[in-house]
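Asks: Residue strings, one per chain:
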Amino acid sequence: MKRLVVIGAGMASGRMLEHLFEADPDAFQVTLFNAEPRGNYNRIMLSPVLSGEKSYEEIVTHDDDWYAGNNVTCRFGERVTGIDRERRVVCGEHGEVAYDKLVIATGSSPFIIPVEGRDLPGVVSYRDLDDTNAMIDATGLPNARAVVIGGGLLGLEAAAGLRLRGMEVTIIHLAGHLMERQLDEAAGYLLQKDIENRGIRVITRASTKAILGKSRVEGVALEDGSVIPADLVVMAVGIRPSAQLAKDTGLEVGRAITVNASMQTSDPDIYAVGECVEFEGTLFGLVAPLYDQAKVLAKELLGEGDAFVVKELSTKLKVTGCDLFSAGDFAEGEGREDIVFRDPARGVYRRLVIERNRLVGAVMYGDTADSNWFFGLIRDGEDIAEMRETLIFGQSYQGGAPLDPTAAVAALPDDAEICGCNGVCKGTIVEAVSTKGLTTLDDVRAHTKASASCGTCTGLVEKLMVLTLGDAFEAAAVPPMCKCTDLGHDEVRRLIKTKELKTIPAVMQELEWKTSCGCAKCRPALNYYLVSDWPEEYADDYQSRFINERVHANIQKDGTYSVVPRMWGGQTTSAELRAIADVVDKFNIPSVKCTGGQRIDMLGVKKEDLPAIWADLGKAGFVSGHAYAKGLRTVKTCVGSDWCRFGTQDSTGLGVRLEKFMWGSWTPAKVKLAVSGCPRNCAEATCKDVGVVCVDSGYEIHYAGAAGLDIKGTEVLGLVKTEDEAVEYISALVQMYREQGHYLERIYKWAKRIGYDEVRRQIMEDAEARKAYFDRFVFSQKFAQVDPWSERVSGKDKHEFKPMASFPESKVEAAE
Amino acid sequence: MDAVLDKPVNTFIEVTEVWVPDGDRLVLDSGNYGTLKEFATISGQESFAKGEGLPGKAWGEARPVVLKEFDGSYFKRTEAAKAAGLTSAVAVPVFSGDTLKAVLVVLCADDDVRTGAIEVWTEKDDLLMLEDGYYGAAKHFEWVSQHTHFPRGQGLPGGVWAANTPMLMRDLGSGYRFIRSDSAGKAGLTTGLGLPVSVPGDKTYVLTLLSARGTPIARRFELWDARSAKVGSANDAVLADGICTREGPLWNDEKERRVSAWQGLIGKVLGSGMPIVERDAPGIPAGYSMMVGLPIYQGVELAHIVAWYL
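Here the protein sequences line up with chains C and D, keeping their order.
For the first sequence, the working numbering gives the first residue as 1, with consecutive numbering after it.
For the second sequence, the working numbering gives the first residue as 1001, with consecutive numbering after it.
Hints should not be assumed to be uniformly reliable.
[As the list claims (entries may be wrong)] So the derived list for chain D, only partly shown, Cβ under 7 angstroms to chain C, looks like this: (1) Pro1151; (2) Gly1153; (3) Gly1159; (4) Met1169; (5) Ser1233.
Simulated from the structure, these hints should not be mistaken for laboratory data.
From a predicted model like this one, the values you see are computed outputs, not experimental measurements.
We treat Cβ as the ideally placed atom computed from N, Cα and C, and that holds for glycine.
Using the sequences and the hints, build the whole thing.
Replies: Okay, here's the thing in structure tokens:
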């Protein structure tokens, strides 16, 4: 009988032995080494053991009887110290064993982040039963707190298990959403919601700086300076193939042990299987390909031919109550098309990615009923052209006539609830429409309350009206924000507030976006609305901003940038001018230009030079002029009463004060101010978004002017007596615009849309409303007045400034 | 080994019965009374209006009800129960949306050795608090439980609440919650079944059945997932978890076990949407004589089925 030595008693080698004994129990005398003091168990079921939903005994795959029955010599708890290929022996801690064939199945080891404190007691990885038991032991401490580093599959399962065992758990995750390798942003949002619903805190975009503690772990410090107290830290950030033994033996090793399709290493008598192998550049971490490898290897050892091939994989999470599925490639790309289905009430999201009439990727959350069917379509590359219209609804919808959404509504019974918020059923709406002669959505809202609260049933109510009234239904003429939604800007803004939606994925899921991640129209708009409505809580999503706002400079037609530092009220000094001159010389800036907003524009700057230029400008006291921003840009002033014979007030002083008070605020579109010291209006205040014309009796506030594509004189808001009042009224006005404006809607268009009288009523006549707007503006400024240039000099978003080809976006805005 | 396992044991629950609406009253649909023939006969002659007796109270108040003292209570079969040695009862209403499908009633007999727990947890101030529970002889565990609350996601009750799904816990004594595990271990509690009880309105209820090795509630538990989000439009259910003292683990992470409506006893629950109590019926696994199948609704959808066997 030939001698087979196997190093590692994991799932891959265990499955290989099963196949081997099943096919020919007498082919080999097997010796099995395992560093763990036990045999093969179902490692992927450790999470339910951690949570208490399974016992260890249940997940043992091969017990002592199985090994004895198959005459396997078990050397468990014994490390292999070397392999002597010349003598064909494996050296264990307790002696050598000769082999004819050798299988290396050393698996993988957890990746440990190289941070200070990683060796402290209480810091564990999550790989085997001992790790699991260490975590269970830690849950025995009263009020114990755990931090799980890593929001991937393993990290989430660890967190849920520890929480179930009674711990306070925080997950810290480097990426923007959980399980970013398997899920898109939308599914990641739902997953986070489900995880948080278990009382687990989730912090994304969090980078671990150090693990704190003296004699044992006491907390985790993050790069942003925050500290999370912890009695247990679980590192679940990934695995590394364990290939050192093979490397020391002189076998060919790349990122792991290199094998061919027969699982053979560079030594023909040595094979490798499982997570320790690399095949055609691919590493393996999920169990399905490991089992395929095991089958191939068993055949190879028995002299039968077979070849391992890499197949599509799917992902499932073992957290009870979290239903998710992911398979294939769901990255966006040219020629790819998304089909998206969302059901906010049930927390369901489905996305299919199609390329050349083939399903290439699927992400599902909350409803995984058809996951196996979709996986089959991806794996088999089946042509789905015939099913295109109904594909998203799953297998049971195929073969029939395409779904007509109106017919589906017609088929609903009269007692079907249409408006969940107000408990209004189909029969009530139809009866009200029929008997009361209602023809508009507003009528139905007024009479039945349907669609009058959160508004997500609006589409359903409109379909009911179409069914009942036919062409007599007067559909609202509100244009949707973009192709991703049927909702208009106002409705979206209202729902963001009423439903307290605080992230872009939350908006898209809860408002039933028709695309997975939005588009270039809705993402910047949503980002602005969220910045505006939740200044304290919302984390600005820079990826949702146009290029100018991402790099804090204006891209020019040749791909270079222009740089405009802020000059408060248009005033400058010789020192500032020298600093600008030095920067121009140092960086060979080809063009310098005075702008219409009383500032200096340096043109032709290379992208990679921007941070260094900002650093030099910052040393001279400059901050960003936001010449690129949908935000406050310039405050143009005349010299006012300080110098001018006609000046009635200190217009320069007021301009500087306004600019210093309001800079940094994001607005729906750019906002330019001007302050003129007298009605001669040298600062041209009467064509600005907001202007002040100083008069002997005080300050005349103007707004809603335009001097760009449209030319329009300002409207007079009113007269105030003091500078303080001018600042309060103007801030309140801008805040009102910030809260009500549609993204990219200039102030003059906004004011015309909602009515000049309404603006005057709220700002000039309603002191309470004005005060509330002002207070909200002041609150918002606490989070807005951070100089983006100095942030980037400190290293923020440094990837944006690496030298590379720039592709100007189709819409390039003027600097001022 | 089987001979040891299969010998008759004192069980925590003596009687299990299903009451179903018939007009404006609840009538007996099925039951397992063991040797308590007289109590079975009297129960068969009984019916309850809404709010009347224990089943009627669970219906009327739309909540699980624990009754630990029959004397002087609203319990209608007190004399017969006393004659049968029954001392306590728990009634669990099964609602599909606002519609009552049935009331499951279990009755227990007190003595010094029977331990186990049937607990009703309800949400208050974002915590699950013990509304009531029957523990038999596990007095210390009862006291501990009365002084325990569960946040979302913690422990069996908190886990069921957060996931809105039934859960089956093993090795209770080794700690699913620090405070209770020690006491659970001393009481001999080994396996815990937790399930959400759906009722009209916005109240949250979680029912837990904690079984001891010596006086088990059951020796085999099964959880079936029947949600359309899992099985699609087919009226099917897939085994999500299960444990059996004879067969060991019933779950299989590689091979799905699936039944359709009316296929076997689980299929009967799935097809009818009603709880069942079966004794010596075809389909009960070898070594067992009694089975309870309880549908778990989420709104109007039959979402899960839990089954336990003795």
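Asks: State the violated hints by number, sorted upward, taking the hints as numbered earlier in the document.
Replies: none
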